[in-house]
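Novice: The chain contents come next:
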Amino acid sequence: MSQIVMGQYYPGDSLVHRMDPRAKWLFLMVFMIFVFWANHLRSTAVLLFFTLVAAGMARIPVSVFIRAIRPALFIILFTMILHLLMTKGGEALLRLPFITIYQEGLRQAVFVSARLFVLISVASLLTFTTSPIDLTDGIEWLLKPLQRFKIPVHEIALMMSIALRFIPLLWEETEKIRKAQTARGADFDTGFFIKRLKSYIPVLIPLFLSAFRRAEELALAMEARGYRGSEGRTKWRQLRFSSLDGWLLIVAVLLFFVLRFLE
Amino acid sequence: MEIVVRDLEVVYQSGTPWMKKALDGVNLTVPGGSFTAILGVTGSGKSTLIQAIAGLIRPTRGIIRIGSHLIDANRKQTADVRRLIGLVFQYPEHQLFAETVAKDIAFGPTNLGLPQSEVDGRVKQAMEWVGLDSELADRSPFQLSGGQMRRVAIAGVLAISPKILILDEPAAGLDPKGQEEILSLLKRLNQDFGVTVILVSHDMDQAVRYADRFCVLAEGRSVLSGTAKAVFSRADILSSYHLELPEITRFVQLLNRKLDPPLPEDVFTLDELERLLEERRKKRELP
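Quick mapping for you: the protein sequence lines, in order, are chains P and D. Residue 3 is where the first sequence starts when you use our numbering, and the numbers rise one by one after that. Residue 118 is where the second sequence starts when you use our numbering, and the numbers rise one by one after that.
Hints are computed from structural coordinates only; laboratory data are not their basis. None of these values were measured; they are calculated from a predicted model. A portion of the hints provided could be inaccurate.
Pairs of lysine-lysine, DSSO-like flavour, derived with a Cα cap of 30 Å [said to hold, decoys possible]:
id: 1; chain 1: P; residue 1: Lys181; chain 2: D; residue 2: Lys304
id: 2; chain 1: D; residue 1: Lys346; chain 2: D; residue 2: Lys280
id: 3; chain 1: D; residue 1: Lys220; chain 2: P; residue 2: Lys197
id: 4; chain 1: P; residue 1: Lys181; chain 2: D; residue 2: Lys193
id: 5; chain 1: D; residue 1: Lys138; chain 2: P; residue 2: Lys181
id: 6; chain 1: P; residue 1: Lys200; chain 2: D; residue 2: Lys241
id: 7; chain 1: D; residue 1: Lys304; chain 2: D; residue 2: Lys220
id: 8; chain 1: P; residue 1: Lys200; chain 2: D; residue 2: Lys193
id: 9; chain 1: D; residue 1: Lys193; chain 2: P; residue 2: Lys197
id: 10; chain 1: P; residue 1: Lys200; chain 2: D; residue 2: Lys138
id: 11; chain 1: D; residue 1: Lys241; chain 2: D; residue 2: Lys280
id: 12; chain 1: P; residue 1: Lys181; chain 2: D; residue 2: Lys400
id: 13; chain 1: P; residue 1: Lys197; chain 2: D; residue 2: Lys241
id: 14; chain 1: P; residue 1: Lys181; chain 2: D; residue 2: Lys346
id: 15; chain 1: D; residue 1: Lys137; chain 2: P; residue 2: Lys181
id: 16; chain 1: P; residue 1: Lys181; chain 2: D; residue 2: Lys241
Short derived list, chain P residues pointing at chain D, Cβ under 10 Å [stated by the list, open to error]:
id: 17; residue: Ala116
id: 18; residue: Arg186
id: 19; residue: Val205
id: 20; residue: Leu206
Here chain D is said to cover these stretches of chain P; the calculated rule only asks that three of the stretch's residues, wherever they fall, bring their Cβ under 8 Å from a Cβ of chain D [unchecked claim]:
id: 21; segment: 35-49
id: 22; segment: 193-203
All C-beta atoms in this analysis are idealised placements derived from N, C-alpha and C, irrespective of residue type, glycine included.
Using the sequences and the accompanying hints, generate a full structural model.
Specialist: Here is the structure:
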């Protein structure tokens, strides 16, 4: 692995790392509702402040954090510019030939980009501070009630954990194939869009083949061992709520009242 | 073309919790036209070293000189170096992609910008070298057997006509006959065409049969290098890094327990050993 990708785990021992994954999942869901509830700049600012404090407490280096959400930053920037140029209303702040920026446009640009940033940052904070195993154990526990409706919860969680496990593997594989084709003179860095896209064919075909090969091998290995995880499986790693998770609940309630006051 | 590596250091993921020092001061000289084996256990830094030599990984510190070209921490473009070096990764058949064998082998020479007639000639030549039947040229590489796919992949690298050929465990996963064929092909390229060959391996017996120079890597450092005699006489160092002596050396040591005077330990081929034993027998028959 030579790069930090979105959704990666960043090992650590901060307060946020030590919270129970179930509590973090639940908090994330509630927090997302808050984000869409907050329709004013001031309440979004509170959520943004909270996100930054949480990121600080998780002790993720700023450079790592920015590198991980960089692809999303482009989308944020793009929506920001669109809102700035397209939204009309209020006083005109700046008049240039072809371009007029209105007060409402500026407000929307700041508001929407802050909202997107908060959403993406909090979600990455969850994956940064929670190992893939904890993530899936947490989701499995939360989905358990659905078992009554014959939904294969364990299988869904298993699929999720396999998918998470395969992301770094496939990333490594991509790097390896890229290097091998570079050694044969392939050029990935010059030319325009279509040419660059085409230059990735010698990487993508072997990558797909290897993904299928891995999937088949894994399926065979599980089959050969008679894997049946959903029935009567006990777990060595038990999830336990601690007082930390109680604090998370208190934070959620506090945020609720602050937002209600501001909205 | 000579390769000189001085105080090479490579650090992965610097400044993150995944930081790893893969190479920590490697020194190595590969004489032009030699057949050099790089030996070491898994994780000793072999793969990183060859990728750095091939210009695919930038060194964190130190230099690599290939002929008159220099790679160091500041150098960003290595396209000229990559033209000189053919690198065959582990399980190279996993990098095949084209519809036909011929098109896959043509990928390298086409990227060099050669005219079509020259490319066709090189594809034909490369297929001949690796012993692929010419009628396989229009087949899909994915219909071939594992051993044949390996040959297609190696042919794809040979078609670039590299001055230096580096291979990472090229015989891994093949049957003994397939292994023998691939390695004798390398020996032929080395002897008949003067290609400098670097073979990465953890198999001492294989290395000692084909290579004439050796370099032992352990924990990211070069701990021994030189001729077979210089390297395999240091069983103490080898065993401290979990490496075994070649089978033939261990056999000579066993024989020596019963022989007086003992046989020299720098015997690395069966023919040589046979000759020595024969000489001894004749000497004893004399009055």
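Novice: It remains to establish, for every hint, whether it holds in the given structure.
Specialist: Now the hints, each set against the structure:
1. P:Lys181 x D:Lys304: Holds, at roughly 26 Å.
2. D:Lys346 x D:Lys280: Answer holds: Lys346 (chain D) to Lys280 (chain D) is near 27 Å, not above 30 Å.
3. D:Lys220 x P:Lys197: 19 Å, holds
4. P:Lys181 x D:Lys193: 15 Å, holds
5. D:Lys138 x P:Lys181: 20 Å, holds
6. P:Lys200 x D:Lys241: 26 Å, holds
7. D:Lys304 x D:Lys220: Holds - the C-alpha atoms of Lys220 (chain D) and Lys304 (chain D) are around 26 Å apart, at most 30 Å.
8. P:Lys200 x D:Lys193: Measuring from Cα to Cα gives roughly 24 Å; hence the hint holds.
9. D:Lys193 x P:Lys197: 22 Å, holds
10. P:Lys200 x D:Lys138: Status violated; Cα separation ~35 Å.
11. D:Lys241 x D:Lys280: 19 Å, holds
12. P:Lys181 x D:Lys400: 58 Å, violated
13. P:Lys197 x D:Lys241: Given pair Lys197 (chain P), Lys241 (chain D) holds - Cα atoms ~28 Å apart, limit 30 Å.
14. P:Lys181 x D:Lys346: At roughly 35 Å apart (the allowed maximum being 30 Å), Lys346 (chain D) and Lys181 (chain P) break the hint.
15. D:Lys137 x P:Lys181: With a Cα-Cα distance of about 20 Å, the restraint between Lys137 (chain D) and Lys181 (chain P) holds, given a limit of 30 Å.
16. P:Lys181 x D:Lys241: Judged against 30 Å, a Cα distance of about 25 Å means the pair holds.
17. Ala116: 28 Å, violated
18. Arg186: 4 Å, holds
19. Val205: At about 8 Å, which falls below the 10 Å cut-off, the nearest Cβ of chain D leaves the hint on Val205 (chain P) intact, so it holds.
20. Leu206: Constraint on Leu206 (chain P) satisfied, holds at 8 Å.
21. 35-49: Check failed, 0 qualifying residues.
22. 193-203: violated (count 1)
When each numbered hint is compared with the structure, violations occur for hints 10, 12, 14, 17, 21, 22.
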